Amino acid sequence: MERTYNNKAWFLVLPVLVLVAFSAIIPLMTVVNYSVQDTFGNNQFFWAGLDWFQDVLESNRFWNALGRNLIFSAIILAIEIPLGIYIALNMPKKGWGVPVCLVLMALPLLIPWNVVGTIWQVFGRVDIGLLGRTLAAAGIDYNYVQDPVDAWLTIIVMDVWHWTSLVVLLCYAGLVSIPDAYYQAARIDGASRWSVFRFIQLPKMGRVLLIAVLLRFMDSFMIYTEPFVVTGGGPGNETTFLSIDLVKMAIGQFDVGPAAAMSLVYFLIVLSLSWVFYTVMTNQGQEKGK
Amino acid sequence: MTDRELSASGLPDAAAASPARVGTINSRRPLRLGWLVPTIYILFLLLPIYWLVNMSFKTNQEITSTFTLWPTDFTLRNYAVIFTDPSWYSGYINSIIYVALNTVISLAVALPAAYAFSRYRFVGDKHLFFWLLTNRMAPPAVFALPFFQLYSAFGLIDTHIAVALAHCLFNVPLAVWILEGFMSGVPKEIDETAYIDGYSFPRFFVKIFMPLIASGIGVAAFFCFMFSWVELLLARTLTTTAAKPISAIMTRTVSASGMDWGVLAAAGVLTIIPGALVIYFVRNYIAKGFALGRV
Numbered sequence: 186m187e188r189t190y191n192n193k194a195w196f197l198v199l200p201v202l203v204l205v206a207f208s209a210i211i212p213l214m215t216v217v218n219y220s221v222q223d224t225f226g227n228n229q230f231f232w233a234g235l236d237w238f239q240d241v242l243e244s245n246r247f248w249n250a251l252g253r254n255l256i257f258s259a260i261i262l263a264i265e266i267p268l269g270i271y272i273a274l275n276m277p278k279k280g281w282g283v284p285v286c287l288v289l290m291a292l293p294l295l296i297p298w299n300v301v302g303t304i305w306q307v308f309g310r311v312d313i314g315l316l317g318r319t320l321a322a323a324g325i326d327y328n329y330v331q332d333p334v335d336a337w338l339t340i341i342v343m344d345v346w347h348w349t350s351l352v353v354l355l356c357y358a359g360l361v362s363i364p365d366a367y368y369q370a371a372r373i374d375g376a377s378r379w380s381v382f383r384f385i386q387l388p389k390m391g392r393v394l395l396i397a398v399l400l401r402f403m404d405s406f407m408i409y410t411e412p413f414v415v416t417g418g419g420p421g422n423e424t425t426f427l428s429i430d431l432v433k434m435a436i437g438q439f440d441v442g443p444a445a446a447m448s449l450v451y452f453l454i455v456l457s458l459s460w461v462f463y464t465v466m467t468n469q470g471q472e473k474g475k
Numbered sequence: 020m021t022d023r024e025l026s027a028s029g030l031p032d033a034a035a036a037s038p039a040r041v042g043t044i045n046s047r048r049p050l051r052l053g054w055l056v057p058t059i060y061i062l063f064l065l066l067p068i069y070w071l072v073n074m075s076f077k078t079n080q081e082i083t084s085t086f087t088l089w090p091t092d093f094t095l096r097n098y099a100v101i102f103t104d105p106s107w108y109s110g111y112i113n114s115i116i117y118v119a120l121n122t123v124i125s126l127a128v129a130l131p132a133a134y135a136f137s138r139y140r141f142v143g144d145k146h147l148f149f150w151l152l153t154n155r156m157a158p159p160a161v162f163a164l165p166f167f168q169l170y171s172a173f174g175l176i177d178t179h180i181a182v183a184l185a186h187c188l189f190n191v192p193l194a195v196w197i198l199e200g201f202m203s204g205v206p207k208e209i210d211e212t213a214y215i216d217g218y219s220f221p222r223f224f225v226k227i228f229m230p231l232i233a234s235g236i237g238v239a240a241f242f243c244f245m246f247s248w249v250e251l252l253l254a255r256t257l258t259t260t261a262a263k264p265i266s267a268i269m270t271r272t273v274s275a276s277g278m279d280w281g282v283l284a285a286a287g288v289l290t291i292i293p294g295a296l297v298i299y300f301v302r303n304y305i306a307k308g309f310a311l312g313r314v
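Respectively, the protein sequence lines represent chains A and B.
Per the numbering used here, the first sequence starts with residue 186, numbered consecutively.
Per the numbering used here, the second sequence starts with residue 20, numbered consecutively.
Calculated directly from the structure, the hints in this document are not laboratory data.
Any given hint could turn out to be false.
What the hints assert, rightly or not - The calculated lysine to any residue pairs, modelled on SDA-like cross-linking and capped at a C-alpha distance of 20 Å, are:
no. : chain 1 : residue 1 : chain 2 : residue 2
1   : A       : K278      : B       : G53
2   : A       : K278      : B       : N303
3   : A       : K193      : A       : I211
4   : A       : K193      : B       : I101
5   : A       : K193      : B       : F228
6   : A       : K193      : B       : E211
7   : A       : K278      : B       : P221
8   : B       : K207      : B       : P221
9   : A       : K433      : A       : P420
10  : A       : K278      : A       : I264
11  : A       : K193      : B       : L52
12  : A       : K279      : B       : W54
13  : B       : K226      : B       : T212
14  : B       : K207      : B       : T178
15  : B       : K207      : A       : P420
16  : A       : K278      : B       : W54
17  : A       : K193      : B       : T58
18  : A       : K193      : B       : I298
19  : A       : K279      : B       : R302
20  : B       : K145      : A       : L292
21  : A       : K193      : B       : V123
22  : B       : K145      : A       : T467
23  : B       : K145      : A       : V455
24  : A       : K279      : B       : V123
25  : A       : K278      : B       : L52
26  : A       : K279      : B       : I59
27  : B       : K145      : A       : R253
28  : B       : K145      : A       : L202
29  : A       : K193      : B       : S137
30  : B       : K207      : B       : Y218
31  : B       : K207      : A       : R188
32  : A       : K433      : A       : R253
33  : A       : K279      : B       : T153
34  : B       : K145      : A       : L199
35  : A       : K193      : B       : W54
36  : B       : K226      : B       : K145
Please read all numbers here as calculations on a predicted model, not as lab measurements.
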């Protein structure tokens with residue numbers, strides 16, 4: 186759409202600006218402030234320069250948490266994206282099945298995140314959970330509280346349970362927008378199922394899929410509540426992701442300086458990813474306009 | 020992009036050349052077992068929820084000592100505990116108050132802003148739009164501590180408005196992006212015609228424009244409601260007793276007073292209900308909402 190140039194539009198944006206400034210800029214400034222200062226209590230602060238940043242970037246703790254988080258995100262994407270596409274391809278296109286599928290699949294997305302954690306905590310427990318009991322009965326030694334591998338598996342399955350529907354719904358929205366003529370043409374050509382997918386469905390889903398990948402990456406990169414409820418970051422530090430580590434440091438131990446420095450590093454990573462996301466989103470808008 | 024690939028495989032031409040054969044080919048579709056995939060997936064989704072519901076109707080004694088697929092000793096005690104104990108049900112009231120506050124504030128500020136982004140170009144518009152997005156993507160963990168200190172300084176800790184304002188961090192950008200997506204679908208000629216007819220901006224906005232994007236407002240409201248409802252970290256950090264949300268009360272019960280599994284399960288079931296009730300109305304927009312209005 187052709188938009189007219191008018192700086193009075195700033196007045197319409199002003200309320201948002203004020204509100205988000207209060208809830209984003211001021212807190213962020215506090216973080217910047219803490220990240221360059223040291224304190225010995227009593228509200229006395231000393232200039233610490235970039236020491237905290239150096240500390241954070243040199244500490245194994247940060248790199249371990251970052252590494253775990255990246256591995257987690259990679260696994261999540263590797264499972265959820267193909268699975269989501271596969272399920273979306275097999276969803277009914279019309280009839281009563283459509284609303285039933287949409288509603289039931291969206292259900293996990295609307296559950297409070299700590300309840301998602303609680304559900305899986307209860308579900309996986311060896312003493313009272315359906316999953317834990319079943320596995321134990323099958324002779325599999327499963328205990329997500331003590332075994333790191335089991336903890337990881339539980340959290341990954343939980344995230345697949347929680348978020349694959351998002352990929353499904355996005356892909357499905359992309360799929361239903363493909364005109365029927367494309368499929369008819371493909372059938373006339375005798376195109377195989379694979380080439381229909383490869384040359385029609387996948388390109389048509391391209392944008393949506395990119396959004397799904399970015400959203401899933403961002404959200405898994407800042408995951409906190411679900412693993413916190415299920416494992417609390419344990420056993421040991423095996424499932425301590427960036428957010429969990431940060432909250433532990435900032436609110437648990439009150440190491441404000443290092444926590445603030447880590448926050449900023451974390452935030453910068455997210456910021457650059459947001460830029461990729463933004464470019465994708467706005468390019469899509471331009472293409473639509475043509 | 021797609022056009023090039025399509026003409027490479029020659030598909031649109033074929034469609035134009037032989038439309039008569041189309042009808043016969045439908046019967047050849049080998050999709051007989053396709054329905055199995057979503058069915059199995061939905062069963063996988065429902066299994067843990069079923070277990071939670073199942074547990075919520077059991078007595079604690081049955082939960083811990085036996086293993087039953089449905090409650091043999093059916094009881095409503097767990098729900099009765101929640102509905103009669105103020106420390107439990109006040110959690111729901113607190114959650115609903117700050118979620119509602121947040122939804123109203125978010126929509127009120129997002130509506131004019133989204134209109135500005137969809138209709139006008141102005142200095143810094145792209146940067147501002149991007150900056151809003153970064154707030155949606157910002158990890159709440161980064162903001163937990165500064166929020167606590169900021170709201171302490173204003174004496175807002177443990178009030179509903181504190182949580183409502185904190186959740187604006189990600190809900191205002193979300194609402195702006197979703198509404199902008201819907202507003203861009205309304206042709207600009209409508210605005211211009213209204214102005215020629217002598218409508219003032221506020222009157223045009225409320226009387227003509229808002230009804231046109233009613234579904235967009237509904238979707239934005241739903242997503243503000245939802246993201247505020249599911250968030251725990253900030254809500255827990257900013258409250259102690261008077262405004263404590265139900266989600267935080269649940270975590271407290273897990274860690275402290277032994278394991279009242281039945282009540283925990285019942286509380287969990289009750290938090291799922293609000294989402295489940297309204298999901299039907301937004302089913303066609305869920306993808307759009309999660310993708311910030313860009314599908």
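Evaluation of the provided hints:
1. A:K278 - B:G53: Given pair K278 (chain A), G53 (chain B) holds - Cα atoms ~11 Å apart, limit 20 Å.
2. A:K278 - B:N303: Given pair K278 (chain A), N303 (chain B) holds - Cα atoms ~13 Å apart, limit 20 Å.
3. A:K193 - A:I211: violated (26 Å)
4. A:K193 - B:I101: violated (52 Å)
5. A:K193 - B:F228: Roughly 19 Å separates the two Cα atoms, so the pair holds.
6. A:K193 - B:E211: holds (17 Å)
7. A:K278 - B:P221: This hinted pair is violated, its Cα atoms lying about 42 Å apart.
8. B:K207 - B:P221: holds (16 Å)
9. A:K433 - A:P420: holds (15 Å)
10. A:K278 - A:I264: Not satisfied, since the Cα-Cα distance of roughly 24 Å exceeds 20 Å.
11. A:K193 - B:L52: With Cα atoms ~58 Å apart, K193 (chain A) and L52 (chain B) exceed 20 Å; violated.
12. A:K279 - B:W54: Holds: K279 (chain A) and W54 (chain B) sit about 12 Å apart, inside 20 Å.
13. B:K226 - B:T212: Given that 20 Å is the threshold and the Cα spacing comes to 14 Å, the pair holds.
14. B:K207 - B:T178: Violated, at about 42 Å.
15. B:K207 - A:P420: violated (58 Å)
16. A:K278 - B:W54: holds (11 Å)
17. A:K193 - B:T58: violated (53 Å)
18. A:K193 - B:I298: Answer violated: K193 (chain A) to I298 (chain B) is near 38 Å, above 20 Å.
19. A:K279 - B:R302: At roughly 14 Å apart (the allowed maximum being 20 Å), R302 (chain B) and K279 (chain A) satisfy the hint.
20. B:K145 - A:L292: violated (35 Å)
21. A:K193 - B:V123: Violated, at about 25 Å.
22. B:K145 - A:T467: holds (10 Å)
23. B:K145 - A:V455: holds (18 Å)
24. A:K279 - B:V123: With Cα atoms ~36 Å apart, K279 (chain A) and V123 (chain B) exceed 20 Å; violated.
25. A:K278 - B:L52: Given that 20 Å is the threshold and the Cα spacing comes to 14 Å, the pair holds.
26. A:K279 - B:I59: holds (19 Å)
27. B:K145 - A:R253: Violated. K145 (chain B) to R253 (chain A) sits at ~34 Å, over the 20 Å cutoff.
28. B:K145 - A:L202: holds (14 Å)
29. A:K193 - B:S137: Since the Cα atoms of K193 (chain A) and S137 (chain B) sit roughly 14 Å apart, the hinted pair holds (cutoff 20 Å).
30. B:K207 - B:Y218: Holds, at about 15 Å.
31. B:K207 - A:R188: Between K207 (chain B) and R188 (chain A) the Cα gap is close to 9 Å, so the pair holds against 20 Å.
32. A:K433 - A:R253: holds (16 Å)
33. A:K279 - B:T153: violated (37 Å)
34. B:K145 - A:L199: At roughly 15 Å apart (the allowed maximum being 20 Å), L199 (chain A) and K145 (chain B) satisfy the hint.
35. A:K193 - B:W54: violated (54 Å)
36. B:K226 - B:K145: violated (29 Å)
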